[in-house]
Amino acid sequence: MKLLVTLKRTPQRDARIRISGEGAALDLDNVQFEVNPFDELAVEEALRIKEARGEVEVVVVSVGAEECEQQLVSAMAMGADRAVRVHHEGQPDSLQVAKALAAVVEREEPDLVLSGKLAVDDECGQVPAMLAGLLGWPQASQASDIELSEDASEATVVCEVDAGLETVSLALPAVIMADLRLNEPRYASLPGIMKAKKKPIATLGIEELGALGSTRSRVTGFRALEDKPPGIKVGSVEELVQAFEEKKLI
Amino acid sequence: MADTLIIIQAMGNELSKSNLAAAGFGREAAAASGGAFDILLLGPSASGLSAAAAGLGGGTVFTMSSTELEVYTAEAFAAAAAAFLADHPYRLVAAATSSATKEYFPRLAALLDVPMASDVLKVESVDPQKVILTRAVFVGNLLATVELEAPQALATCRSSEFEPQTPGGETSTVEPVEMPAGLASSGKTFVGIEAASSDRPDLKEADIIVSVGRGTRGPDEGIPLCERLADVLGAALGATRAVVDAGWLANEFQIGQTGKIVAPEVYVAIGLSGSIQHLAGMRTSKTIVAINKDPEAPIFEVADLGLVADLFDAVPELTAALESRGG
Chain A
163 MKLLVTLKRT PQRDARIRIS GEGAALDLDN VQFEVNPFDE LAVEEALRIK
213 EARGEVEVVV VSVGAEECEQ QLVSAMAMGA DRAVRVHHEG QPDSLQVAKA
263 LAAVVEREEP DLVLSGKLAV DDECGQVPAM LAGLLGWPQA SQASDIELSE
313 DASEATVVCE VDAGLETVSL ALPAVIMADL RLNEPRYASL PGIMKAKKKP
363 IATLGIEELG ALGSTRSRVT GFRALEDKPP GIKVGSVEEL VQAFEEKKLI
Chain B
3 MADTLIIIQA MGNELSKSNL AAAGFGREAA AASGGAFDIL LLGPSASGLS
53 AAAAGLGGGT VFTMSSTELE VYTAEAFAAA AAAFLADHPY RLVAAATSSA
103 TKEYFPRLAA LLDVPMASDV LKVESVDPQK VILTRAVFVG NLLATVELEA
153 PQALATCRSS EFEPQTPGGE TSTVEPVEMP AGLASSGKTF VGIEAASSDR
203 PDLKEADIIV SVGRGTRGPD EGIPLCERLA DVLGAALGAT RAVVDAGWLA
253 NEFQIGQTGK IVAPEVYVAI GLSGSIQHLA GMRTSKTIVA INKDPEAPIF
303 EVADLGLVAD LFDAVPELTA ALESRGG
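As given, the protein sequences belong to chains A and B, one line each in that order.
Numbering-wise (this note's numbering), the first sequence opens with residue 163 and increments by one.
Numbering-wise (this note's numbering), the second sequence opens with residue 3 and increments by one.
Honestly, the hints are just simulated from the structure, not real lab data.
Mixed in with the good hints there might be a few duds.
Just some of the chain B residues that point at chain A, by a computed CB distance under 8 Å [as the list claims (entries may be wrong)]:
#, residue
1, Ser101
2, Met118
3, Ser120
4, Leu123
5, Phe140
6, Leu145
7, Glu149
8, Pro153
9, Gly171
10, Val193
11, Glu254
12, Asp306
13, Ala323
14, Leu324
15, Glu325
Some residues of chain B that are not near chain A, with every Cβ distance over 12 Å (derived) [unchecked claim]:
#, residue
16, Gly36
17, Ser47
18, Ala53
19, Thr75
20, Glu77
21, Asp89
22, Ala111
The calculated EDC-like cross-link candidates involving lysine to aspartate or glutamate, where the alpha carbons are at most 16 Å apart (straight line), are [unchecked claim]:
#, chain 1, residue 1, chain 2, residue 2
23, B, Lys19, B, Asp209
24, A, Lys390, B, Asp209
25, A, Lys212, A, Asp313
26, A, Lys410, B, Glu267
27, B, Lys288, A, Asp389
28, B, Lys288, A, Glu388
29, B, Lys19, A, Asp324
Backbone N, C-alpha and C define an ideal beta-carbon position, used for all residues, glycine too.
Required output: the full structure, derived from the provided sequences and hints.
As structure tokens, this is what we get:
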């Protein structure tokens, strides 16, 4: 069985992101990068499937410039078997990334694609569902539990939806998007880190993959949220009720 | 032909506040483009909701339902919307952000080969070649201006940021549309749904939310005190991720970056410290009230009214005071 996990290189969660200059770009000079935490959940899930079933190959893929190889290595240090990087220097939009990944899927022919439900930087949450649409595969999102059937022909997924917990069954191959409660990702062990240095990373050029189309979505500026006027602290419940009344909240 | 189409998932008996806010987005987009907006009701209660939808200020309300849309699946809804749009092209196609649109709208964008903006807060401009929108990034700490450069584009809109339209006199024409057969993708089977039923208002509909954090120490300790407060206020109940992770409340109560994003009139945060991820889900609430025994808790930085107190004393006292007012 082959599992393909997509991952994105994102600024460290909780890093303070500053705007540079007039807001045309971000100041990422002193920012560390990591595997997008939601994609880390997807890598972990793939590894658990591998450990439970045996004879499973876990391939990780990322679309980006050379630096994102650091994140592919991190995933291989956790236990992924090999990596593929689609070389792209610029700022591809979600649909372009999805098309690049679709081309990788067509080459690799995985049984299941696992992805984080969103990236913590742009929070668009579009790529995996776009990928499913391009492939014509069934999809499940906000997954908090995944069970594969004995013969790996289908997956039963519990999805955290607005109304509660929805259970769906997907015929494989399919795309599943990981959510926070799916699992708790492991830390890479020292032997894992050493082994990862020897695992292969294949690099594919865009030209090899076919047309991605032009970039049609771009961010042209950033700005900070407007500052809120400071609130007041009250000293007692009585004062709180008074404040409620003054503000006509009740 | 209008420029903007608002797609509403027609599953229940009433138009939700989110649906009414999506119509508000339609109005804003129409004003920006100098055009108008139409509505597509997609789902089993499409014709049932058409009269109400016809009073939202759109030009035409289309209804599309079939056995394949009885149960929501991303595959069927994306395919149905794509089939509709093949015959009825629109410049901008939008829907309110929900767990459903988060997964079927990108799929639809891929089927149509068009760019998409997620969870938009504001429409800046709409012209035939370019749409400019504002959205939040980096856990809601920054605003980004996004340009979609294409003759057709998709967007999901954050319903708390748009004015819910009040259904008025019916001014739209209603047009049923035939759904092409065999569109629902095989490969997905809906097995079941576990949803809490409650007398309390829905989190996305409520004017007042009482939200509980880890400081409440769980369903055997502080949560029932907060539930009583919610009852007196007629409020919905919300929770932080920590509370849901601990199994104290189900996932549908979660407010935050990865839960629901809300902006009610009043948000009462009890025993919750205010992590960045939680703030992302509620910081634009009109009035934020915080009760926490830690004066350094980050929630106090966004609270309009703050009370540093032990919630185990303060919450019952507050509930009693409100009850005796008859409020």
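Hints and how they fare:
Against a cut-off of 8 Å between C-beta atoms, the interface hint on Ser101(B) holds, since the closest Cβ of chain A lies about 4 Å away. With its C-beta approaching chain A no nearer than about 6 Å, Met118(B) sits inside the 8 Å limit, and its interface hint holds. About 5 Å separates the beta-carbon of Ser120(B) from the nearest beta-carbon of chain A, less than 8 Å, and the hint is met. For the restraint placing Leu123(B) at the interface with chain A, the shortest Cβ-Cβ distance is roughly 11 Å, beyond the 8 Å limit, so the hint is violated.
Interface restraint check: Phe140(B) against chain A, minimum CB-CB distance 5 Å, threshold 8 Å, status holds. The restraint placing Leu145(B) at the interface with chain A holds, with a minimum CB-CB distance near 5 Å, inside the 8 Å limit. At a threshold of 8 Å, the smallest CB-CB gap from Glu149(B) to chain A is about 5 Å, leaving the interface hint in force. About 10 Å separates the beta-carbon of Pro153(B) from the nearest beta-carbon of chain A, more than 8 Å, and the hint is not met.
Proximity of Gly171(B) to chain A is violated relative to the hint, the smallest CB-CB distance being about 31 Å (cut-off 8 Å). Interface restraint check: Val193(B) against chain A, minimum CB-CB distance 4 Å, threshold 8 Å, status holds. Restraint check, Glu254(B) versus chain A: the minimum CB separation of about 5 Å is within 8 Å; hint holds. With a least beta-carbon distance of about 4 Å to chain A, the hint placing Asp306(B) at the interface is held under the 8 Å criterion.
Against a cut-off of 8 Å between C-beta atoms, the interface hint on Ala323(B) holds, since the closest Cβ of chain A lies about 5 Å away. For Leu324(B), the interface hint holds, the least distance from its beta-carbon to any beta-carbon of chain A being 7 Å, beneath 8 Å. This hint is violated: Glu325(B) has a C-beta 11 Å from the nearest C-beta of chain A, more than the 8 Å allowed. The Cβ of Gly36(B) lies farther than 12 Å from every Cβ of chain A, with a closest approach of about 22 Å, so its non-interface assignment holds.
The beta carbon of Ser47(B) is kept farther than 12 Å from every beta carbon of chain A, the shortest such distance being approximately 15 Å. Taking the minimum C-beta to C-beta distance to chain A, about 25 Å, the non-interface status of Ala53(B) holds against the 12 Å cut. With a cut of 12 Å on Cβ distances, Thr75(B) falls inside the contact zone with chain A, its closest approach being about 8 Å. For Glu77(B), the condition that its CB be more than 12 Å from all CB atoms of chain A is violated, with the nearest at approximately 6 Å.
Annotated as non-interface, Asp89(B) keeps its C-beta farther than 12 Å from every C-beta of chain A; the closest such distance is 19 Å. With a minimum CB-CB distance of about 6 Å to chain A, Ala111(B) fails to clear the 12 Å threshold, and the non-interface call is violated. Using a Cα cut-off of 16 Å, the hinted pair Lys19(B) and Asp209(B) holds, with the two alpha carbons roughly 11 Å apart. With a C-alpha separation of about 21 Å, the suggested pair Lys390(A) and Asp209(B) falls outside the 16 Å cut-off, and the hint is violated.
A hinted pair counts as satisfied when its Cα atoms are at most 16 Å apart, and Lys212(A) with Asp313(A) qualifies at roughly 14 Å. Annotation: proposed proximity of Lys410(A) to Glu267(B) holds, straight-line Cα distance about 11 Å (limit 16 Å). Simply put, Lys288(B) and Asp389(A) have alpha-carbon atoms about 14 Å apart, close enough for the 16 Å limit, and the pair holds. Only pairs whose Cα atoms come within 16 Å are accepted, and Lys288(B) paired with Glu388(A) is accepted, the gap being roughly 14 Å.
This hinted pair checks out: Lys19(B) and Asp324(A) have alpha carbons roughly 14 Å apart, not beyond 16 Å.
The structure fails hints 4, 8, 9, 15, 19, 20, 22 and 24 (numbered hints given earlier, in ascending order).
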